[in-house]
Amino acid sequence: MFIIMVGLTFAAFGLLFGFAFGWLLHRGKVTDYNVIIDQFLLRDFTVLKVMLTAIIIGGIGVLALHQSGWANYHIKDANLLAVVLGASIFGVGMVIYGYCPGTGLAAIGTGSIHALVGALGMITGGILYALSFDWMQAHVLTVWRFGKVRLPDLTGIPDLVWFIGLTATAIAFFVFIERHAVPSHLRRSSR
Amino acid sequence: MVTHTSDLHYAPTLSDAVDWSPYLAGAGIGVLSWIVFAAVDQPIGITTALSQLAAGAAIPIFGSDSVSANSYWAKNPFVLDYGVIFLAGTLLGALASALLSRRFHIETVPSVWREHFGPSVAKRLTAAFLGGILTMFGARLAGGCTSGHGISGGLQLALSSWVFLAVMFPVGIATAHLTFRRRA
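Chains A and B supply the protein sequences, listed in that same order.
Numbering-wise (my numbering), the first sequence opens with residue 1 and increments by one.
Numbering-wise (my numbering), the second sequence opens with residue 192 and increments by one.
Treat the hints as calculated values from the structure; they're not laboratory data.
For glycine and all other residues, C-beta sits at the position ideal for the given N, C-alpha and C.
Be a bit skeptical, because a hint or two may be false.
Claimed, not checked - Think about it this way: if two alpha-carbon atoms lie no more than 20 Å apart in a straight line, the pair counts; the simulated SDA-like pairs of lysine to any residue are: (1) B/Lys266 - B/Phe253; (2) B/Lys266 - B/Ile276; (3) B/Lys266 - A/Leu141; (4) B/Lys266 - A/Thr142; (5) A/Lys148 - B/Leu356.
What the hints assert, rightly or not - Covered stretches of chain A, as calculated for chain B (at least 3 residues, CB under 8 Å): (6) 21–27; (7) 36–44; (8) 71–85; (9) 99–113; (10) 118–125; (11) 150–159.
Given the sequences, and given the hints that come with them, work out the whole structure.
Take a look at the structure:
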């Protein structure tokens, strides 16, 4: 009974948190194919604005939660050959698809048929990866392996200094972008 | 923090009423991360759960025995857990936002694609499917996507996630500039 209750609570949390995530992605316009492609063409910086703000605001809060014992870190393994190869394939794939996995699923909800077809591609990609997993484990996943490392541990620079630096860099970058970038709706190439 | 001088040059449109500032949406995702970390003790992510769905899709193709014998699917089996329900929530949240803002519309060939590759539906859907394959394969090899690595890993200052971001963005920018150079 207890296990069922916990299961239902988790299911409800999944729906609630996922719902909020999808809502925020849509309101932030990153469920729009054109916005994502225009980011990679450096014509619209919405994607970077959303991501960097989420990283800074989220990171400072999660740091505070972690230090007061309310949250654990969940760090992904720095097996850097796999990360570099995977990120490269992902970068190419995301531009051809026009979405990342999260924004693609959200875009299906906004009526994007090509996002739905791409999601079927992602399922196919997931099957292909599972089939190649043993080979990857033998040849790729163990190369340049640094473990579940965080930048503050690696460099000795404290978390707070990282976030102050990140915030200062982001503000300088955003101020520059807001002054110089032409908003996409004013560009000649219409959407 | 940020000046909006450019906003003075055009009349208010529907966009201004519906779209949030990207900074506000990003801050919202950041705050959502706090809640998710504290409540369910796992970061926001998409592709781990998506590979569980891939396991489910593989069962009718390869049979449930070979799927459960696969070493990757043994770790990520087809179960309807929190992460998979999160995916459904993400789709539904965007659907609700799109319907309530009257932005829901069926789209097969988006305008930026059409400007460069023409109006062919088959061409766009083929590219979306192939791009989807690469996106998911890359995400699983790297250990996460723009959500799991980019946002959740980035905000934890994980080395792997910042390497992911530092490689993914330049590769994406180069790919976009190469493929979107021509015009239809």
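Hint check against the structure, violated hint numbers in rising order:
none
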